[in-house]
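Colleague: Next come the chains, spelled out residue by residue.
2 protein chains.
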Amino acid sequence: MKQQLSVGIDIGGTNTAFGLVDHQGNVIAHGSIPTQNQEKIEDFVSDLSHEIKASLQSIPEESEIIGIGIGAPNGNYYSGTIEYAPNLRWKGVINLAQLFQQHFNCPAWVTNDANAAAMGEMIYGSARNMKNFIMITLGTGLGSGFVVNGELVYGNDGFAGEMGHVIVEKNGRLCGCGRLGCLETYCSAPGIANTARELLQQSKINSLLREIPINEIGSKEVSLAAAQGDEIALEVFEKTGEILGLALANAVALTSPQAIFLFGGPTQAGDILFQPIRKHFEANLLEIFKNKIQILPSGLPTGNAAIVGASALVWNNLKINP
Amino acid sequence: MKQQLSVGIDIGGTNTAFGLVDHQGNVIAHGSIPTQNQEKIEDFVSDLSHEIKASLQSIPEESEIIGIGIGAPNGNYYSGTIEYAPNLRWKGVINLAQLFQQHFNCPAWVTNDANAAAMGEMIYGSARNMKNFIMITLGTGLGSGFVVNGELVYGNDGFAGEMGHVIVEKNGRLCGCGRLGCLETYCSAPGIANTARELLQQSKINSLLREIPINEIGSKEVSLAAAQGDEIALEVFEKTGEILGLALANAVALTSPQAIFLFGGPTQAGDILFQPIRKHFEANLLEIFKNKIQILPSGLPTGNAAIVGASALVWNNLKINP
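Listed in order, the protein sequences are those of chains A and P.
Just so you know, we're using the working numbering here: the first sequence kicks off at 1 and counts up by one.
Just so you know, we're using the working numbering here: the second sequence kicks off at 1 and counts up by one.
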């Protein structure tokens, strides 16, 4: 019998990575192509499909692709489309699942990257036995995926889980979505860096961060400074925890999850990030939810998480339990 | 064949109402007893069961009870219990479903009143063809029930849907839950009345509400004054809409519902309440959700909604489609 593999594809603004993934979440082969070289989406899908097939040929064990899972900005699970993705050159509504099905004799599914990460956590990660959890992805933006009764919440139109765009501050920071005060303007990686810039400008306190040109400060630099006990850097994480902790407590009041997983670059800061989040989370929880809900780092492999997450769509939809 | 009926029970702080309800949501017989007369919960359930059985006997058509649905404060669907309900005299964890099963030869289910209302809306009301919607109940408190993928969201512990306890204002009004700034302190019936009292004290503007002793102002008085064009009263609903509209827009970002239903006394104000909510809701929605999601009055019958909602648990759990 041939080895059954799912394809996981992660379409980013710059690069598109793919992997051939087995039932257990092992990436058997992988590759990538630039996302924006082809003017026509058909050419992009054709080139990517060519790469994936070449990758399949390279595997020693005889293998077959049984399905394709795609994580993409503004990916819509119901329609298999990406819709008006601001960071991609292909405009309007694109039938991505259909395009891939034309190249492979198997089904394809599309969702956004945070939902794909949630699916990955449920199928291969630390949420394998959980029916109700929240996945938060921290990166350029702040994404989220909600699992309720063992199913990913796509909502009526396929766009559920936009926790990054919960408004947490009236007349707050300008968000890429055009509104003010969205959660991701404070708690994404650039949001954390912006808080550092604000605090540096507001105070005269000494800080390791003052040795870095202000526009080169990223969330990583803030976390390195905080690890050395830098007062300003620690205050940045305190403020981040205050805002994210409250937003998570409010989300818990609605969906009562068993756990919340955090994923992405800023989580590398470890307790420096998690501790203030947990503190403000517990302080803002309704009594019945206190000391019940864990906030944990994702159990997905750091490098391949997006691919692995997208590939999980396949096992989930074909109802194959790893 | 006997007529099949479900029992809907609504346990309130003062009275407990029950109804015998058919597949279509018609209340065939009903009654009530005071909630707090019996010191022991066993005696309360016994007396109530006696009343329900007498009610069944009074129906001309030969009928049988096939299940019991109970809406109660702090009702937990998973365990069939009510847990530490602040407004009831029976303390701790009470196995309510089990107690009723001892009196009737049929299954029983428990949930809180807002979840029961959501279930009623889905089984008999205006959400009959919806898989994703939010139910908001406005009364002494603010309750909510979330339906996702056609299922009520109970969450990991059975307590999901506590939207009244989303914190919307840092260091805001003191809530019955002991925290500050919960949504229900602003948008429940007493919350609306409190906003009126605040505005009356802050301004010197003439108002019909000044003719009422300040402690006797309720949400109904405010809505009657607003219907006559009273400036202060209209401002109260504007502020209520501002807070509730934003909270609903934030909830939409998480669950992407098809519609939101509002239920309870304050909704009698009609457009005076709905219009400012809709205005602020749309203004705060992420672009992809704009002009998609209706905010509607509940389709449940005003007088019997709680009973009818609780009875819907029976048809839903026995998978009988009306």
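Careful, some of the hints might be misleading.
When chains are identical, the list treats them as one kind, so a pair holds in a single copy or across two.
Below are the BS3-like pairs computed for lysine-lysine, each with C-alpha atoms no more than 30 Å apart in a straight line [said to hold, decoys possible]:
id	residue 1	residue 2
1	204	292
2	2	292
3	91	290
4	279	2
5	292	91
6	40	53
No lab work stands behind these hints, which were simulated from the structure alone.
Colleague: Which holds for residue 279 with residue 2 at a C-alpha limit of 30 Å: within a copy, between copies, both or neither?
Modeller: Neither: 50 Å inside a copy, 58 Å across copies.
Colleague: Please sort residue 40 with residue 53 into within, between, both or neither, judging by C-alpha distance up to 30 Å.
Modeller: Close inside one copy (20 Å), not across copies (71 Å); limit 30 Å.
Colleague: How do residue 91 and residue 290 come out at 30 Å by Cα distance, when the copy is not named: within, between, both, or neither?
Modeller: Result: close only across copies, 19 Å inter versus 45 Å intra.
Colleague: Classify it for me, residue 292 with residue 91: is the Cα-Cα distance of at most 30 Å met within a copy, between copies, both or neither?
Modeller: between (44 Å within a copy, 21 Å between copies)
Colleague: Up to 30 Å between alpha-carbons, please classify residue 2 paired with residue 292: within, between, both or neither.
Modeller: neither (44 Å within a copy, 46 Å between copies)
Colleague: Is it within a copy, between copies, both, or neither that the alpha carbon of residue 204 lies no farther than 30 Å from that of residue 292?
Modeller: neither (40 Å within a copy, 48 Å between copies)
Hints 1, 2 and 4 from the earlier list are contradicted by this structure; the remaining hints agree with it.
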